[in-house]
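If you read the protein sequences in the order shown, they are chains A and B. Mapping of the first sequence onto this note's numbering: position 17 corresponds to residue 17, and the numbering continues sequentially without gaps. If you count the second sequence from 1, you need to add 1000 to reach this note's numbering.
Hints listed in this document are in silico derivations from the structure and should not be mistaken for laboratory results. One or more hints might be untrue.
[Said to hold, decoys possible] Keeping only pairs whose Cα atoms sit at most 27 angstroms apart, straight-line, the calculated DSS-like set for lysine-lysine is:
#, chain 1, residue 1, chain 2, residue 2
1, B, K1301, B, K1317
2, B, K1274, B, K1435
3, B, K1401, B, K1317
4, B, K1285, A, K34
5, B, K1285, B, K1317
6, A, K130, A, K164
7, A, K34, B, K1146
8, B, K1173, B, K1195
9, B, K1301, B, K1285
10, A, K199, B, K1301
11, B, K1285, A, K17
12, A, K17, B, K1317
13, A, K152, B, K1301
14, A, K199, A, K164
15, B, K1292, A, K17
16, A, K199, A, K166
17, A, K68, A, K34
18, A, K34, B, K1401
19, B, K1301, A, K17
20, B, K1317, B, K1367
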Amino acid sequence: MRILVIEDEPGIARFLKDGLEEEYFAVDLAFDGKSGLDMAILNEYDLLIVDWMIPGISGIEVCRQVRKAGIDVPLIFLTAKDAIEDIVFGLDAGASDYIRKPFAFEELLARIRVQLRRNSPAGDQLTAGKLSVNPVTHQVFCGTGEIMLTPKEFSLLEYLVRNKEKVCTRSRIIEHVWDIHFDSDTSVIDVYINFLRKKLDHAGCGNIIQTIRGVGYIIRES
Amino acid sequence: MKKNSGFVREHAGSVQEKLSLSLRSRIALYYTIATAILLALVFTLVFFTVERVVYSHFDDELDREVSEIIRAQPPGTPGLRHFNLSDDDHRTDEADDHEHRKPHDGKVKGEDDDEEFLQLVGSEGKIIARSANLAGNTLAFQSGRKEKRYHLAAAGRIAVRQVQVPLTGTDGKIEGYLLAAVPVRDAVTILGDLKQVLLVSYPAIILTLFILTRVIAGRSIRPVEEVIAAAEKITRENLDSRIPLPRNHDELRRLSVTINSLLERLQDAFQREKQFTSDASHELKTPLASLKGTLEVLVRKPREREHYEERILFCLKELDRMTRLIDQLLMLTRFESSGMTALMEPVDIALHIREAIARMHSDAGRKNIPISFEGPQSCMVSADPAMLDMIFENILSNALKYSPPESTVAVTLSGGSGSLLCTFADNGMGIPEEKLSRIFERFYRVDESRSSGTGGSGLGLAIVKKLADLQHITVSVRSRTDCGTMVELRFPVT
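The following block holds chain A by itself, in its conformation from the complex:
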């Protein structure tokens, strides 16, 4: 899962990046509205976290422009404003949710999860066949046996399971699992897929990840 944080306050931007990366998210940072908007439109993010008051284009304007560009990505506002009309204004401008500063990091994580499970009605638990992935606890089970994964392996598996039955192209995998600083050498995906396959096979889940030659990978229920 890849998140863009648009926040000019260096302290806040830094802890968001640190904390979210520890939660296996790929995090990009933008420190002003203009570059934030460019990044949001150019790259495919799973979620945007936007501060209201940022230099250049305001957070509200970023939100409007993103929606105008037809990007239906979940967007969470960070704001020090607490007047109800401000909140309403922000939500009406196209924000999915807002969180008031100062906020608890756990609350932000919970709100991010809410936004990310919008498309999967089953809730936080993701399953594919015998395999179940829990994005909250970062645990993966094959039947009842837990599989220990590294953060990157987990992110990759989570992305594939979230998009099960759909072909995940190599470029999309790179976009959603690695952050912007990753150079586009996609062979790293094959390395991680290999690790994953070995661990899943060892746990008894079989070869659930299938290769679509020249395109990418897919996880199928059966």
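Start from chain A and add chain B according to the hints.
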């Protein structure tokens, strides 16, 4: 006359009730009272004038009659016994006899205007003679009066106007009285009618007048009520609406204009208050959010010692920032609330400027900005030294904050006519002209994103302005975008 308008009924006590009469009722009431008094005077005057005119007419007639009778007495016949009551001019002896032969039916003819009643009374009040038409009735007599007396009386059942004339003998002693009277029935009826008309019409006129005035007053203050209704609709939520101006350029229009400008100021104040709260909350919550988040993320997992140290140092810096902000905020609040006064004393301003520049040395060195000073070696003004230092530091730190590295900041001190001028000029980013007027507002930042990169909070210039005002120093700022900003302090020279 008590007229209650709707809301008056809620109040008890007559004083309060009177005070809370609606304006239109009050206007009507005062107007009616004034008219009532005036009208009562006019009516009384009319009535008594008519009465006097009518009776003086009778009195003249009586006078004529009496003097004729007295003149008709044969000269040299003293004593009342021989006094002849008949009037020779138009009454013969026969006529007199004829009259004496009238039957005593208890009714006096008296309908005739010409008819007079006459009666001769002795000095002791004994009736000596009376005219036949009195028919046994007597005219009222009051003894002991030495002068003529006109009054209303009754002869039997007939209302009369009568006169009592003392008759004096040759020795000047009163021998008796001649009483003469004429019936005044018609006159009394007319006067009575007049009285009745006046008495009935009076309250009717007053009542009509009150109602009319109230209606007219109501119509003329209707625009006022429209203004009230419009003003009542304006609340905190729709402070931007205004009272529609009446077409006529009269007092009401002035009232509306005044209310509108009051609303303008109110809205402005609300807006500024709201902006202040929003800015203050941003300035305080941002470092808080940064602190809270950093620490929360820090304790989620065990980390390297260096990582802990680095984050804790960062948190301490954020805390310093917050402390500085809270200090500034409290200082401003203290200046504004407690009516703090400056402790004015002779101060060497040149020395203070040089000291302030020296204190900024490390900040200036970091951006490699030299601060030059041009002015006399020493220059005395009356000021509060502590406040002066704070002003210089704030202005200089602003100049450093918003100037690019390697630029310059120049401070000059020069004496003008009657004042002392101190200028601080930088080559920084400048302030757009439309924002110049607001830079002294608390928390106002030219950069709307309130970026913390420069380290400012927007309180510095507000403090400068406040401190300068306390010491009667005039602060003005001139600026051109991308060229630089010049802050001028004008000290009064006493």
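Worksheet item: Between K34(A) and K1146(B), is the straight-line Cα distance small enough, at 27 angstroms or below?
Response: violated, 122 angstroms
Worksheet entry | Proposed proximity, K1285(B) with K1301(B) (alpha carbon, max 27 angstroms) | holds, 25 angstroms
Worksheet entry | Restraint status (C-alpha distance of K1285(B) to K17(A) at most 27 angstroms) | Cα-Cα ~19 angstroms, so holds.
Worksheet item: Within 27 angstroms, alpha carbon to alpha carbon, are K1285(B) and K34(A)?
Response: holds, 24 angstroms
Practice prompt. Measure nothing beyond the straight line between the CA atoms of K1401(B) and K1317(B); if it is 27 angstroms or shorter, mark the hint as holding.
Written response: With a Cα-Cα distance of about 18 angstroms, the restraint between K1401(B) and K1317(B) holds, given a limit of 27 angstroms.
Discussion item. Hinted pair, alpha-carbon criterion (27 angstroms max): K1301(B), K1317(B). Please report holds or violated.
Written reply: Holds: K1301(B) and K1317(B) sit about 23 angstroms apart, inside 27 angstroms.
Worksheet item: Is the straight-line distance between the alpha-carbon of K34(A) and that of K1401(B) 27 angstroms or less?
Response: holds, 23 angstroms
Worksheet item: Between K1274(B) and K1435(B), is the straight-line Cα distance small enough, at 27 angstroms or below?
Response: Roughly 18 angstroms separates the two Cα atoms, so the pair holds.
Discussion item. Checking one constraint from the list: CA of K199(A) to CA of K1301(B), max 27 angstroms. Satisfied?
Written reply: holds, 25 angstroms
Worksheet item: Given the proposed pairing of K1301(B) with K17(A), does the C-alpha separation stay at or below 27 angstroms?
Response: holds, 15 angstroms
Discussion item. Tell me if the straight-line CA distance from K1285(B) to K1317(B) falls inside 27 angstroms.
Written reply: holds, 15 angstroms
Worksheet item: Taking 27 angstroms as the top limit, are the C-alpha atoms of K17(A) and K1317(B) close enough?
Response: holds, 20 angstroms
Violated hints, in rising order: 7 and 8; the structure is consistent with all others.
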